[in-house]
Amino acid sequence: MRRLEYMSILRQKLVEGGLSSEETNDALEFYEELFLDGGYENEEKTAQNLGDPETLAKQILAENGAVGFVRPDYKMDDVIDPTRPGTSQAQPARDYDIAPDNRKKALLILVICTSFVWVPLGIGLLTGAFGIAIGISAALFSIGCVGIGLLVSGAITLFQAPPVGILLIGTGLFLIGLGVLVFMPFCKFAVGLFKKFFSWLVRSLKKLFNNASSQKAVSDNG
Amino acid sequence: MSFPISAGLLDSMVLAVVSSEDTYGYEITQTMRKAVDVSESTLYPVLKRLQKSQMLETYDKEYMGRNRRYYHVTPKGAAQLSNYRSEWLEHKNKVDSILMNDSISKENKEIKEEEEVLPQEA
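Residue numbers (our numbering), protein chains in the order written: chain A, 1 to 222; chain B, 223 to 344.
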């Protein structure tokens with residue numbers, strides 16, 4: 001394939017791929033220069049070195065963040081050595097894979113885009129759970145308070161009507177015991193659950209953002 | 223032989239090529255291909271990346287009635303290159319110490335030298 005044919009296919013594929021005109025022209029100028037500097041008589045060879053124009057277009061599109069990001073794995077397989085015939089002919093195998101960091105980026109974007117649904121939902125569920133926990137602990141606490149009240153009134157009644165006083169004191173002690181036995185572990189359990197949930201939330205958010213930012217840093221530093 | 227060339231290594235090699243003299247795309251690709259098998263299509267993104275991170279800047283110069291884009295290393299690029307170089311030296315020495323059996327061969331040399339010295343004294 002000669003330069004004009006190669007360049008027109010490349011241009012067509014880049015435009016079809018939706019690359020911005022600035023990026024398209026930049027890439028086309030670069031490859032045009034390679035053809036011209038390679039020499040008129042070597043155009044076929046230059047085209048061969050560059051490979052299939054459609055593949056090249058796909059690669060350029062991928063590097064500009066277009067669909068189907070692919071990153072070739074460069075290998076030193078094939079050091080060009082003129083003293084050893086055949087070394088430059090063998091084409092190194094290239095492994096193509098969807099970069100995992102892009103998947104993470106996509107996940108982050110998805111999470112952010114759907115935040116208007118899950119943020120209020122999450123807050124609602126959280127406050128609901130919090131309310132229930134407060135309600136249960138308040139009920140248990142009030143049982144304990146009633147127990148204390150009964151104990152006090154029982155102590156007073158004991159002097160006026162001893163059997164009723166004993167009954168009241170007994171019931172009071174029973175309720176205090178019940179309240180303490182159930183209230184304390186429940187509080188511990190609920191607090192522990194909330195703590196766990198928040199640390200999980202913070203950790204997973206951190207992870208998500210770290211991944212995205214470290215990926216950015218890597219691509220910036222090269 | 224199959225040692226992968228990392229993006230960082232490609233970046234540093236291209237920086238080194240341009241740092242010795244302002245040069246253009248074709249010459250960069252030809253120089254790089256003398257050492258490693260990289261296609262032109264691999265080098266274009268490297269040059270773009272270096273431009274975006276302000277390690278390289280470009281200017282156009284007329285040549286045979288057309289424009290040729292020349293690349294020039296910025297001060298930031300030069301600083302990065304010297305970082306790359308010291309990193310590479312460190313890396314190379316570490317790998318060599320194991321791969322080339324450097325420490326072992328040095329010990330062997332010393333032993334041999336001692337052996338050579340002894341008969342002479344006798």
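Hints are computed from structural coordinates only; laboratory data are not their basis. It cannot be assumed that every hint is accurate.
Computed list of lysine-lysine pairs in DSS-like fashion (alpha-carbon distance at most 30 Å, straight line) [stated by the list, open to error]:
#1 B:LYS274 - A:LYS104
#2 A:LYS105 - B:LYS270
#3 B:LYS283 - A:LYS45
#4 B:LYS298 - A:LYS13
#5 A:LYS206 - B:LYS274
#6 B:LYS298 - B:LYS256
#7 B:LYS256 - A:LYS105
#8 B:LYS274 - A:LYS13
Checked hints:
1. B:LYS274 - A:LYS104: Holds, at roughly 23 Å.
2. A:LYS105 - B:LYS270: Status holds; Cα separation ~22 Å.
3. B:LYS283 - A:LYS45: holds (26 Å)
4. B:LYS298 - A:LYS13: violated (35 Å)
5. A:LYS206 - B:LYS274: Distance of about 28 Å is within 30 Å: holds.
6. B:LYS298 - B:LYS256: At roughly 27 Å apart (the allowed maximum being 30 Å), LYS256 (chain B) and LYS298 (chain B) satisfy the hint.
7. B:LYS256 - A:LYS105: violated (37 Å)
8. B:LYS274 - A:LYS13: Satisfied, since the Cα-Cα distance of roughly 24 Å is no more than 30 Å.
Consistency note: the structure conflicts with the earlier hints numbered 4, 7.
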